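Q: Sequence:
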Amino acid sequence: MVKQALALGDFDGRSAQLKMAPIFRQNMRPPDGAGQPRVGSVLILLYRLSDEIHLVLTRRRDDMRSHAGQISFPGGKQEPKETLITTALRETEEEIGITPDQLIIVGDLTPIYIMPSDFEVHPFVAWHHDRQRPIFHPATHEVAEIIEAPLAHLLDPATRREEMRELRGHNLLIPFFAIGPHKVWGATAMIMSELLERVKTVNGNP
Numbered sequence: 000m001v002k003q004a005l006a007l008g009d010f011d012g013r014s015a016q017l018k019m020a021p022i023f024r025q026n027m028r029p030p031d032g033a034g035q036p037r038v039g040s041v042l043i044l045l046y047r048l049s050d051e052i053h054l055v056l057t058r059r060r061d062d063m064r065s066h067a068g069q070i071s072f073p074g075g076k077q078e079p080k081e082t083l084i085t086t087a088l089r090e091t092e093e094e095i096g097i098t099p100d101q102l103i104i105v106g107d108l109t110p111i112y113i114m115p116s117d118f119e120v121h122p123f124v125a126w127h128h129d130r131q132r133p134i135f136h137p138a139t140h141e142v143a144e145i146i147e148a149p150l151a152h153l154l155d156p157a158t159r160r161e162e163m164r165e166l167r168g169h170n171l172l173i174p175f176f177a178i179g180p181h182k183v184w185g186a187t188a189m190i191m192s193e194l195l196e197r198v199k200t201v202n203g204n205p
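The opening position of the sequence shown corresponds to residue 0 in numbering that gives the first Met the number 0, with each subsequent residue numbered one higher.
Since the hints were derived computationally from the structure, they do not count as laboratory data. From a predicted model like this one, the values you see are computed outputs, not experimental measurements. Take these hints with a grain of salt, some might be off.
Unchecked claim - Calculated lysine-lysine pairs in the DSSO-like style (CA-CA distance at most 27 Å, straight line): (1) Lys76 to Lys182; (2) Lys182 to Lys199; (3) Lys80 to Lys18; (4) Lys18 to Lys182; (5) Lys2 to Lys76; (6) Lys199 to Lys76; (7) Lys18 to Lys199; (8) Lys2 to Lys18.
Unchecked claim - Here are the computed distance ranges between Cβ atoms for each label pair: (9) Ala151 to Leu17: 15 to 25 Å; (10) Ala138 to Gly203: 18 to 28 Å; (11) Asp9 to Arg160: 35 to 45 Å; (12) Glu78 to Ile104: 17 to 27 Å; (13) His140 to Asn170: 33 to 43 Å; (14) Phe135 to Asp9: 35 to 45 Å; (15) Pro156 to Glu81: 19 to 29 Å; (16) Asn170 to Gln131: 40 to 50 Å.
A virtual CB, placed ideally from N, CA and C, is assigned to each residue, including glycine.
The whole structure should be built from the sequences, with the hints applied where relevant.
A: As structure tokens, this is what we get:
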């Protein structure tokens, strides 16, 4: 199912991402932007737990100097001479202790641009090698919590919610995924939205 979803040739990934975009969000880099954006990648790690497909997110520690408390997929900035998939694998090992030899890459999603940080993110999708739950070893200096989310829960329309939030001096309606006590929004929610919309299309429920 997941492999089929990632292989959809005529799928509009950007439109799927925009389903979870805040109203104010600029989704393309301005053509007159100076230089080049920073580039990085993230990994959506899939596995089975209690006979259900799950994916993993991390919550950064609240005392971090940047992105404190942020919920995201494992990932980060591309290093010199590093391929984007190597970046995603390295960051996954550093953040949650899952080594590349435990992973099977099955595809990628549409790159997404994050304007406030001038960052272009390339998402990849992988299965744990035996498809069973990995043994996580989170980097305690960075990761406060491992969040395991069942795909079936994320596919439930009730999981998608909205709330008013003050951002940059404006009250805006922000869409988010509710996962237990957590609210996943912004670029992470948009990446997740594309994966879910692809799965829905394969399942005959676009």
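Q: Determine for every hint whether it applies to the structure shown.
A: Do the hints match the structure? See the list:
Restraint check for Lys76 and Lys182: the C-alpha separation of about 24 Å stays at or below 27 Å, so the hint holds. For the given pair, Lys182 sits about 22 Å from Lys199 by alpha-carbon distance, which is consistent with the 27 Å threshold. Between Lys80 and Lys18 the alpha-carbon distance is near 34 Å, which puts this suggested pair outside the 27 Å criterion. Using a Cα cut-off of 27 Å, the hinted pair Lys18 and Lys182 holds, with the two alpha carbons roughly 16 Å apart.
Simply put, Lys2 and Lys76 have alpha-carbon atoms about 26 Å apart, close enough for the 27 Å limit, and the pair holds. Restraint check: the Cα-Cα separation between Lys199 and Lys76 comes to about 30 Å, which exceeds 27 Å; the hinted pair is violated. Between Lys18 and Lys199 the CA atoms are separated by roughly 14 Å; this keeps the pair inside 27 Å, and the hint holds. For the proposed pair Lys2 and Lys18, the alpha carbon gap of about 22 Å is at most 27 Å, so the pair holds.
At roughly 24 Å, the beta carbons of Ala151 and Leu17 sit within the given window of 15 to 25 Å. Hint check: Ala138 to Gly203, Cβ distance near 40 Å, so the stated range 18 to 28 Å is violated. Checked against the hint of 35 to 45 Å, the C-beta distance between Asp9 and Arg160 comes to roughly 30 Å, which is inconsistent with it. As the Cβ distance of Glu78 to Ile104 is approximately 19 Å, the hint placing it in 17 to 27 Å holds.
The hinted window of 33 to 43 Å between His140 and Asn170 holds, with their beta carbons roughly 35 Å apart. Checked against the hint of 35 to 45 Å, the pair Phe135 and Asp9 passes, with Cβ atoms roughly 36 Å apart. Against the hinted window of 19 to 29 Å, the Cβ-Cβ separation of Pro156 and Glu81 comes to about 38 Å, which falls outside the hint. Checked against the hint of 40 to 50 Å, the pair Asn170 and Gln131 passes, with Cβ atoms roughly 45 Å apart.
Taken one by one, the earlier hints fail for this structure at numbers 3, 6, 10, 11 and 15, listed in ascending order.
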